[in-house]
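**Q** Spelled out from the first residue to the last, the chains are:
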Amino acid sequence: LIKKLSSTTIIVLAIILTITYIAASTYSVIINVTEKNEILEIINKITIKDLVTNEDGSYNNTYYLVKNELNISEEEANLIMESEKLNENLQIVLDSIVKYKVQNNQNAKLSNERIYDLILDGTNKTENFSEELKNKILDKSNLYKQDISNFLYDIDVSLIKD
Amino acid sequence: MIYLILIILVITAIILVLSKNFLKTIKITGIVSGISGITTIVLGYFLKGIISSKINFINLTRISNYFLSKFLQNAIILLLLSLIEIIIYILINTYHINKENLKKDTKGN
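In the order they appear, the protein sequences are chains U and H.
All residue numbers for the first sequence refer to the working numbering, where the first residue is 21 and numbers rise by one.
All residue numbers for the second sequence refer to the working numbering, where the first residue is 2 and numbers rise by one.
Treat the hints loosely; a few may be bogus.
Stated by the list, open to error - Computed cross-link-like contacts, DSS-like style, restricted to lysine-lysine with a CA-CA straight-line distance of at most 25 Å:
(1) U:Lys154 x U:Lys165
(2) U:Lys69 x H:Lys49
(3) U:Lys156 x U:Lys56
(4) U:Lys129 x U:Lys165
(5) U:Lys129 x U:Lys69
(6) U:Lys121 x U:Lys145
(7) U:Lys156 x U:Lys119
(8) U:Lys56 x H:Lys25
(9) U:Lys56 x U:Lys87
(10) U:Lys156 x U:Lys69
(11) U:Lys121 x U:Lys156
(12) U:Lys105 x U:Lys69
(13) U:Lys105 x U:Lys129
(14) U:Lys160 x U:Lys56
(15) U:Lys121 x U:Lys56
(16) H:Lys25 x U:Lys69
(17) H:Lys105 x U:Lys65
(18) H:Lys105 x U:Lys56
(19) U:Lys119 x U:Lys65
(20) H:Lys28 x U:Lys56
(21) U:Lys154 x U:Lys119
(22) H:Lys71 x U:Lys65
(23) U:Lys56 x U:Lys165
(24) H:Lys71 x U:Lys69
(25) U:Lys156 x U:Lys145
(26) U:Lys65 x H:Lys49
(27) U:Lys65 x U:Lys105
Since the hints were derived computationally from the structure, they do not count as laboratory data.
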């Protein structure tokens with residue numbers, strides 16, 4: 021009877037140990053996330069890739085539209101998405117859209133010229149872009165330059181309510 | 002976190018005392034950490050699903066993948082721990098079996 025009781029206790033303890041292991045691993049994730057503020061950094065920084073991917077990580081229609089319009093390969097599309105300078109300049113445009121649409125700050129609206137300059141600056145400062153790719157981006161940007169500001173500030177932006 | 006680690010150590014010690022067998026204890030903790038590792042992976046994917054259905058941010062993929070990667074990191078640690086314990090168990094067990102066989106052979110001769 022003592023042996024049977026001891027075996028049952030060991031099984032119960034093993035189950036408690038499993039639960040404790042899972043609790044410890046989950047708790048360490050919570051500590052990691054809350055201490056490092058990395059989630060806030062991710063939320064606050066929207067990249068080009070975020071704009072062209074669906075929730076499941078697959079590319080959306082915008083990706084294929086831009087890819088076909090620029091007539092570029094998948095590798096070139098990846099270079100554009102990973103360009104640090106273009107992603108940095110995207111933050112300026114997104115900040116401006118939020119200020120204009122959410123905070124009603126009319127002065128925050130960027131002109132067509134300013135947006136084109138940001139694309140030009142981002143493209144020219146990305147070292148791993150080939151001359152051909154740079155020309156493709158700048159040619160198409162120049163083509164749509166007159167509509168770009170209106171298009172961007174027509175995007176529906178709203179606050180997430182609590 | 003320290004309390005959770007203490008609980009793990011205390012439970013392992015109690016199992017060792019109750020079983021009175023180091024090999025059995027290492028086998029049990031190996032299996033337990035293996036199950037915990039697999040459950041952590043399942044939990045990570047489950048949480049990813051919950052985040053994806055509850056939050057609607059444009060950069061949702063990166064947020065849910067971030068959580069999943071943290072869970073996977075912990076799961077890998079638990080699975081490695083399990084693997085090490087099971088390897089130690091197999092090695093010690095094989096050593097004991099060989100030793101006993103050698104004893105039997107010597108007695109037989």
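**Q** Work down the list of hints and note, for each, if the structure agrees.
**A** We went through each hint and held it up to the structure:
| no. | hint | in the structure |
| --- | --- | --- |
| 1 | U:Lys154 x U:Lys165 | 16 Å, holds |
| 2 | U:Lys69 x H:Lys49 | 19 Å, holds |
| 3 | U:Lys156 x U:Lys56 | 40 Å, violated |
| 4 | U:Lys129 x U:Lys165 | 15 Å, holds |
| 5 | U:Lys129 x U:Lys69 | 24 Å, holds |
| 6 | U:Lys121 x U:Lys145 | 29 Å, violated |
| 7 | U:Lys156 x U:Lys119 | 31 Å, violated |
| 8 | U:Lys56 x H:Lys25 | 40 Å, violated |
| 9 | U:Lys56 x U:Lys87 | 36 Å, violated |
| 10 | U:Lys156 x U:Lys69 | 19 Å, holds |
| 11 | U:Lys121 x U:Lys156 | 31 Å, violated |
| 12 | U:Lys105 x U:Lys69 | 14 Å, holds |
| 13 | U:Lys105 x U:Lys129 | 21 Å, holds |
| 14 | U:Lys160 x U:Lys56 | 40 Å, violated |
| 15 | U:Lys121 x U:Lys56 | 31 Å, violated |
| 16 | H:Lys25 x U:Lys69 | 51 Å, violated |
| 17 | H:Lys105 x U:Lys65 | 70 Å, violated |
| 18 | H:Lys105 x U:Lys56 | 60 Å, violated |
| 19 | U:Lys119 x U:Lys65 | 16 Å, holds |
| 20 | H:Lys28 x U:Lys56 | 36 Å, violated |
| 21 | U:Lys154 x U:Lys119 | 30 Å, violated |
| 22 | H:Lys71 x U:Lys65 | 20 Å, holds |
| 23 | U:Lys56 x U:Lys165 | 40 Å, violated |
| 24 | H:Lys71 x U:Lys69 | 22 Å, holds |
| 25 | U:Lys156 x U:Lys145 | 15 Å, holds |
| 26 | U:Lys65 x H:Lys49 | 20 Å, holds |
| 27 | U:Lys65 x U:Lys105 | 13 Å, holds |
Hints 3, 6, 7, 8, 9, 11, 14, 15, 16, 17, 18, 20, 21 and 23, counting from the list given before, are not met by this structure.
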